[in-house]
Amino acid sequence: MTVKLLYFAWVREKTGLGEESVDLPGEVKTVADLIGWLKARGPEYEAAFEQSDVIRTALDQTHVSHDAKIAQAREIAFFPPVTGG
Amino acid sequence: MTVKLLYFAWVREKTGLGEESVDLPGEVKTVADLIGWLKARGPEYEAAFEQSDVIRTALDQTHVSHDAKIAQAREIAFFPPVTGG
Amino acid sequence: MIRVQQQDFDIGEEIDRLRAGRTDIGAIVSFTGTVRDTAKGAPVTSMTLEHYPGMTEKELERIEAEANARWPLHASLIVHRTGRMTPGENIVLVVTASASRGAAFEAAEFLMDYLKTDAPFWKKEEGPDGGGWVDARDSDDAARKRWSAQDKAAE
Amino acid sequence: MIRVQQQDFDIGEEIDRLRAGRTDIGAIVSFTGTVRDTAKGAPVTSMTLEHYPGMTEKELERIEAEANARWPLHASLIVHRTGRMTPGENIVLVVTASASRGAAFEAAEFLMDYLKTDAPFWKKEEGPDGGGWVDARDSDDAARKRWSAQDKAAE
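Chains as they are written, first to last, in the numbering used here: chain A, 65 to 149; chain B, 65 to 149; chain C, 169 to 323; chain D, 169 to 323.
Don't read these hints as lab results, they were simulated from the structure. Please note: incorrect hints may appear among the correct ones.
[Claimed, not checked] Simulated pairs of lysine-lysine, DSSO-like, Cα-Cα distance not exceeding 27 Å:
1. B:LYS78 <-> C:LYS313
2. B:LYS68 <-> C:LYS292
3. A:LYS133 <-> D:LYS226
4. A:LYS78 <-> A:LYS103
5. B:LYS133 <-> C:LYS226
6. A:LYS68 <-> D:LYS313
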């Protein structure tokens, strides 16, 4: 399955890219699975997701927790806790 | 003692005047005494101070209760509960 | 700063003046009270605000000083109009500025709650069915009392 | 109504537009968040706001709908800027209009509390000593949680 991954703020700075398209292997079922899979892709991902418990995730632009199933999501975003306002 | 009395809102409309100067007899010591003394001055005062418990009073522009002593106050105002804002 | 005036005020201009040249403010709250076209279900065509010149200014200054003693405000403003107004017109403006939004919000609510119960203004409404002096509301007394309850809780 | 934009906004104009022609409003509350010149004691010379286009608008619309479901608002507005700003500049504007001041105040605070925790914006500060991404604050999470506590208390 091909999904679009988006990275914001320091997650973007650490991965070194704002977005990318990836083919997810079948065993990546949850957000936590995806984070684990990304961390194995290289040191920049390892650094970006090191404190994985503070990373927030949105599936198709809706906040979800790390145990959420990715299912048919097309756009998955990773970012730090928000600080607007 | 001569004091200036001020009336506002429906207290003013009922007494028929916005302000007046009066000479207070010595036995008028508190706000409640003054209200009683005013009510005896005529039917318009009787009407204005009929519901005397809702009438608010200020001595020299400071809110006071009806048991407050008039003492050396020069300006005594009577008005309904305020409704600004 | 406090002002009592007959003429209308411009909310944007008042806020601009209060914050002009300042870079230490993080939060600005404004409250504007306006004339509504109905009161207790009856149409209102105009409203006249009477006040107690002299005492009004003293009370507003006292209320503003009290808010500044309770919250770390960088600036505050109360403007209240008097005279005759029609529905949609501005009556009162309160502006508070602080480093943090909590202080700005609380102080603005406090200023309005105290103004509603302590500042000597009286509203008279007029409509096609007549009119009359507006009654004070218990809810305004209750709104004011919560601030003293907070003091007691904090003791 | 919600808007995300790079350019500055004019508080007075935004309020004027929201209330134009209306005579049923009694209370208008505005909150403006501005860039401060210090953060945790260190000087700030500029701030850059990044956001998640698409999701930002969805979240702001959701938050605004939630406020309108909780309070009888006659009008509401959220405007949030993105990009680079310097101290003193506007970041965010929330305006609420209602018949009564309690609803307008509460809804404005609610909108800000939810925006602070839910809307995907991130601030990066720069100063003479460097800079970095602003950390989320526990106090913002606590501010948001009080609204759910109220729901539970009301059940």
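Is LYS133 (chain B) close enough to LYS226 (chain C), meaning Cα to Cα at most 27 Å?
The given pair, whose Cα atoms are some 21 Å apart, holds under the 27 Å limit.
LYS78 (chain A) and LYS103 (chain A) were given as a pair; does the straight-line alpha-carbon distance stay at or below 27 Å?
This hinted pair holds, its Cα atoms lying about 12 Å apart.
Just to be careful, I want the Cα atoms of LYS68 (chain B) and LYS292 (chain C) compared with a cutoff of 27 Å; is the pair within it?
holds (25 Å)
Sort out whether LYS226 (chain D) lies within 27 Å of LYS133 (chain A), counting only the CA atoms.
holds (21 Å)
Holds or violated: LYS78 (chain B) and LYS313 (chain C), Cα atoms, limit 27 Å.
Cα-Cα ~31 Å, so violated.
Hey, LYS68 (chain A) versus LYS313 (chain D), does the alpha-carbon distance stay inside 27 Å?
Violated. LYS68 (chain A) to LYS313 (chain D) sits at ~32 Å, over the 27 Å cutoff.
Checked against the numbered hints listed earlier, the structure breaks hints 1 and 6; every other hint is satisfied.
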